[in-house]
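*Asks:* Chains as they are written, first to last, in the numbering used here: chain A, 1 to 300; chain B, 1 to 300.
Treat the hints loosely; a few may be bogus.
All copies of an identical chain are treated as equivalent in the list; a pair is satisfied when it fits inside any one copy or across any two copies.
[Stated by the list, open to error] For lysine to any residue, the following SDA-like pairs were computed, each having C-alpha atoms within a straight-line distance of at most 20 Å:
no.: 1; residue 1: 181; residue 2: 100
no.: 2; residue 1: 167; residue 2: 89
no.: 3; residue 1: 167; residue 2: 108
no.: 4; residue 1: 181; residue 2: 27
no.: 5; residue 1: 181; residue 2: 266
no.: 6; residue 1: 251; residue 2: 180
no.: 7; residue 1: 167; residue 2: 32
no.: 8; residue 1: 181; residue 2: 33
no.: 9; residue 1: 167; residue 2: 20
no.: 10; residue 1: 181; residue 2: 244
no.: 11; residue 1: 181; residue 2: 28
no.: 12; residue 1: 47; residue 2: 83
no.: 13; residue 1: 167; residue 2: 106
no.: 14; residue 1: 181; residue 2: 32
no.: 15; residue 1: 167; residue 2: 107
no.: 16; residue 1: 167; residue 2: 33
no.: 17; residue 1: 245; residue 2: 136
no.: 18; residue 1: 181; residue 2: 29
no.: 19; residue 1: 167; residue 2: 36
no.: 20; residue 1: 181; residue 2: 282
no.: 21; residue 1: 245; residue 2: 67
no.: 22; residue 1: 181; residue 2: 269
For the record, the hints were derived by calculation from the structure and aren't laboratory data.
2 protein chains.
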Amino acid sequence: MSFTQRLEETAAAVEAHLGTLVGRGMGPDVPGRLGAAMRHAVLGGGKRIRPFLVVETARLFGVPAESALDTAAAIECVHCYSLVHDDLPSMDNDTLRRGRPTVWTAFDEWTAILAGDALLTLAFDILARPSTHHDPAVRAALILAVAQASGAAGMVGGQVVDLEADKLGQPPAPTLDHIRKLQAMKTGALLRVSCEAGAILSGASAADRDSIRRYGEAIGVAFQIADDLLDAEGDAATVGKAVGKDAAAGKATLVSLMGIDAARARLAAVEADAIARLTPFGTRADTLVEAARFIARRTS
Amino acid sequence: MSFTQRLEETAAAVEAHLGTLVGRGMGPDVPGRLGAAMRHAVLGGGKRIRPFLVVETARLFGVPAESALDTAAAIECVHCYSLVHDDLPSMDNDTLRRGRPTVWTAFDEWTAILAGDALLTLAFDILARPSTHHDPAVRAALILAVAQASGAAGMVGGQVVDLEADKLGQPPAPTLDHIRKLQAMKTGALLRVSCEAGAILSGASAADRDSIRRYGEAIGVAFQIADDLLDAEGDAATVGKAVGKDAAAGKATLVSLMGIDAARARLAAVEADAIARLTPFGTRADTLVEAARFIARRTS
Numbered sequence: 001m002s003f004t005q006r007l008e009e010t011a012a013a014v015e016a017h018l019g020t021l022v023g024r025g026m027g028p029d030v031p032g033r034l035g036a037a038m039r040h041a042v043l044g045g046g047k048r049i050r051p052f053l054v055v056e057t058a059r060l061f062g063v064p065a066e067s068a069l070d071t072a073a074a075i076e077c078v079h080c081y082s083l084v085h086d087d088l089p090s091m092d093n094d095t096l097r098r099g100r101p102t103v104w105t106a107f108d109e110w111t112a113i114l115a116g117d118a119l120l121t122l123a124f125d126i127l128a129r130p131s132t133h134h135d136p137a138v139r140a141a142l143i144l145a146v147a148q149a150s151g152a153a154g155m156v157g158g159q160v161v162d163l164e165a166d167k168l169g170q171p172p173a174p175t176l177d178h179i180r181k182l183q184a185m186k187t188g189a190l191l192r193v194s195c196e197a198g199a200i201l202s203g204a205s206a207a208d209r210d211s212i213r214r215y216g217e218a219i220g221v222a223f224q225i226a227d228d229l230l231d232a233e234g235d236a237a238t239v240g241k242a243v244g245k246d247a248a249a250g251k252a253t254l255v256s257l258m259g260i261d262a263a264r265a266r267l268a269a270v271e272a273d274a275i276a277r278l279t280p281f282g283t284r285a286d287t288l289v290e291a292a293r294f295i296a297r298r299t300s
Numbered sequence: 001m002s003f004t005q006r007l008e009e010t011a012a013a014v015e016a017h018l019g020t021l022v023g024r025g026m027g028p029d030v031p032g033r034l035g036a037a038m039r040h041a042v043l044g045g046g047k048r049i050r051p052f053l054v055v056e057t058a059r060l061f062g063v064p065a066e067s068a069l070d071t072a073a074a075i076e077c078v079h080c081y082s083l084v085h086d087d088l089p090s091m092d093n094d095t096l097r098r099g100r101p102t103v104w105t106a107f108d109e110w111t112a113i114l115a116g117d118a119l120l121t122l123a124f125d126i127l128a129r130p131s132t133h134h135d136p137a138v139r140a141a142l143i144l145a146v147a148q149a150s151g152a153a154g155m156v157g158g159q160v161v162d163l164e165a166d167k168l169g170q171p172p173a174p175t176l177d178h179i180r181k182l183q184a185m186k187t188g189a190l191l192r193v194s195c196e197a198g199a200i201l202s203g204a205s206a207a208d209r210d211s212i213r214r215y216g217e218a219i220g221v222a223f224q225i226a227d228d229l230l231d232a233e234g235d236a237a238t239v240g241k242a243v244g245k246d247a248a249a250g251k252a253t254l255v256s257l258m259g260i261d262a263a264r265a266r267l268a269a270v271e272a273d274a275i276a277r278l279t280p281f282g283t284r285a286d287t288l289v290e291a292a293r294f295i296a297r298r299t300s
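Chain A extracted, bound-state conformation (with noise of 0.2 Å):
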């Protein structure tokens, strides 16, 4: 199977396995309007990028797809929660998402913003039921991992330090290290957790669990330099959504502090420092090596 199809066939599982927990899975007891919009917010689509990555560190480690589901779609709903309040008119007042309305245009700002809440509840409600691991200390350690890495230290610290650059004006001169530290919370640490989900779930031993968080860590920063990239230099019609906003916008990225080429180059870096930490693991992390790759070099 090609790393394509391998990618394709994780998306369309997860899509049905987030139905099925953001649909029935939820009870009767659900508000038909807050349901309605939870769906919009995860279902229909995305690369599922996150999930991935739950599935394939898992089956390094000799976890099937199957049991890896519940934690990748735990995680695929802290990631659409967080879009969903991305999106409000209060901070990046988006309208269109994969050229769909957003939850706030489809539905109004307060649905979107408990729809988001509930998404994120689901998510540690979903990681702490027995379905998801038998062992509870797994669980227990996972809903750790998760909830640092997407708390106030983490996505929801980023996503601050971003809004106060765009709304407040601060820091008045940001710096590569600035930049870098705000992408890491912002991007990287849900990135970075999804990959350790997986050796957390099968027991992985300390050593190769610190290997999978630091490729974790350089595929999230590979995957904020590629953005970067393409927001700078992408053809709208192959990235799927606006480009050069960022410089329309006056924000500062990697690519407007260091320049294109030294961006690129910085990229190639990453990417192999990503595939370098695979190394103890030999061929079996060959889809990881080319997930490192894919991420490194989309082109959307």
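Here the structure of chain A is known, so what remains is to put chain B in place on it, guided by the hints.
*Replies:* Chain B alone, transformed into the frame defined by chain A:
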């Protein structure tokens, strides 16, 4: 020690513990603005009824107060996040809470949304830590119970049903059953799980956990009827917030549908039901008996 002294003592211990957990306990990576907004949301007051219920139900089963403080603080973080989001302009549009500016008024809308998100995430972070309870099975059970009580079929769902009536005029003719269900979700579920949490923490038997669960359900109902009665006939200076809001907004409540006398009679019956659930525990449950009376008979 009198009941009021005990309530105040627990509130002070919870306040101090929250000060650490939502302060330096979050580590150095939390942006200053975010940390300040989170502390504005959780510190400086309230009766801390939910933490008190956690601590007292834990004590009933032999767990000392200090061993229940993490769980108590986590549930208070969930309660406070829900207030921050409920106060937003797109929801209740409230500018004052406990005589202080609401978080979105003191900071701004996006900061308030993200501070709420971070507090909800922190609650699960705290519950997943080994310091909360040495047994990961207990931690996973706490997380599952708290997530289910506060998510789409619990607190968040109740807020959606409430706002549907307010903003969209649904349902056209609210019934007592409709209001009871809304209140059981919106405020009842978190009060109930505060009681259950103490039983979970202490490894109480299934039968004891069930008694405490039913006690928690009853005090949740009592809390809400008392709230409606205070709004209908309380004095603003004593209640400490605006009264008559429901009637002015033409909002159906238990009191508007049943009448004041029937609501009072129902409140007395629910208080008696709550207390009856504690019979198996004899005099060990005296503080919880007093808590039921306090909640049903409060004047503010």
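*Asks:* Give a verdict on every hint.
*Replies:* Structure-based check of each hint:
1. In the homo-oligomer, the alpha carbons of residue 181 and residue 100 never lie at most 20 Å apart, since the shortest distance is 31 Å inside one protomer and 34 Å across protomers.
2. Taking identical chains as interchangeable, the C-alpha atoms of residue 167 and residue 89 lie at most 20 Å apart whether they share a chain (12 Å) or sit on different chains (18 Å).
3. Proximity of residue 167 and residue 108 under a CA criterion of 20 Å is satisfied inter-copy only: 10 Å between copies versus 22 Å inside one chain copy.
4. For a Cα distance limit of 20 Å, the shortest separation of residue 181 from residue 27 across copies, 15 Å, qualifies, whereas the shortest one inside one copy, 40 Å, does not.
5. With identical chains, the CA atoms of residue 181 and residue 266 are at most 20 Å apart within one copy only, with a shortest distance of 16 Å there and 56 Å across copies.
6. With identical chains, the CA atoms of residue 251 and residue 180 are at most 20 Å apart within one copy only, with a shortest distance of 14 Å there and 50 Å across copies.
7. Proximity of residue 167 and residue 32 under a CA criterion of 20 Å is satisfied inter-copy only: 15 Å between copies versus 35 Å inside one chain copy.
8. In the homo-oligomer, the alpha carbons of residue 181 and residue 33 lie at most 20 Å apart only across protomers (16 Å), although the nearest pairing inside one protomer, at 38 Å, exceeds that limit.
9. In this homomeric assembly, residue 167 and residue 20 never come within 20 Å of each other (Cα to Cα): the closest approach is 38 Å inside a single copy and 29 Å across copies.
10. For a Cα distance limit of 20 Å, the shortest separation of residue 181 from residue 244 qualifies neither inside one copy, at 22 Å, nor across copies, at 49 Å.
11. Taking the shortest alpha-carbon separations for residue 181 and residue 28, only the inter-copy value of 13 Å comes in at or below 20 Å, while the best intra-copy value is 43 Å.
12. In this homomeric assembly, residue 47 and residue 83 come within 20 Å of each other (Cα to Cα) only inside a single copy, at 14 Å, whereas the closest approach across copies is 35 Å.
13. Taking the closest pair of Cα atoms, residue 167 and residue 106 come within 20 Å of each other only across two copies (16 Å); inside a single copy the shortest separation is 25 Å, beyond that limit.
14. For the identical chains of this complex, residue 181 and residue 32 are inter-copy neighbours only, at 15 Å across copies versus 40 Å inside a copy, given an alpha-carbon limit of 20 Å.
15. In this homomeric assembly, residue 167 and residue 107 come within 20 Å of each other (Cα to Cα) only across copies, at 12 Å, whereas the closest approach inside a single copy is 25 Å.
16. In the homo-oligomer, the alpha carbons of residue 167 and residue 33 lie at most 20 Å apart only across protomers (13 Å), although the nearest pairing inside one protomer, at 31 Å, exceeds that limit.
17. Proximity of residue 245 and residue 136 under a CA criterion of 20 Å is satisfied in neither setting, with 45 Å inside one chain copy and 46 Å between copies.
18. In this homomeric assembly, residue 181 and residue 29 come within 20 Å of each other (Cα to Cα) only across copies, at 9 Å, whereas the closest approach inside a single copy is 41 Å.
19. In this assembly of identical chains, residue 167 and residue 36 lie within 20 Å of each other by CA distance solely across copies; the values are 17 Å between and 31 Å within a copy.
20. When the C-alpha separation of residue 181 and residue 282 is checked against a cutoff of 20 Å, the pair qualifies neither within a copy, at 31 Å, nor between copies, at 57 Å.
21. Taking the shortest alpha-carbon separations for residue 245 and residue 67, neither the intra-copy value of 40 Å nor the inter-copy value of 51 Å comes in at or below 20 Å.
22. Taking the shortest alpha-carbon separations for residue 181 and residue 269, only the intra-copy value of 18 Å comes in at or below 20 Å, while the best inter-copy value is 57 Å.
Checked against the numbered hints above, the structure breaks hints 1, 9, 10, 17, 20 and 21 and satisfies the rest.
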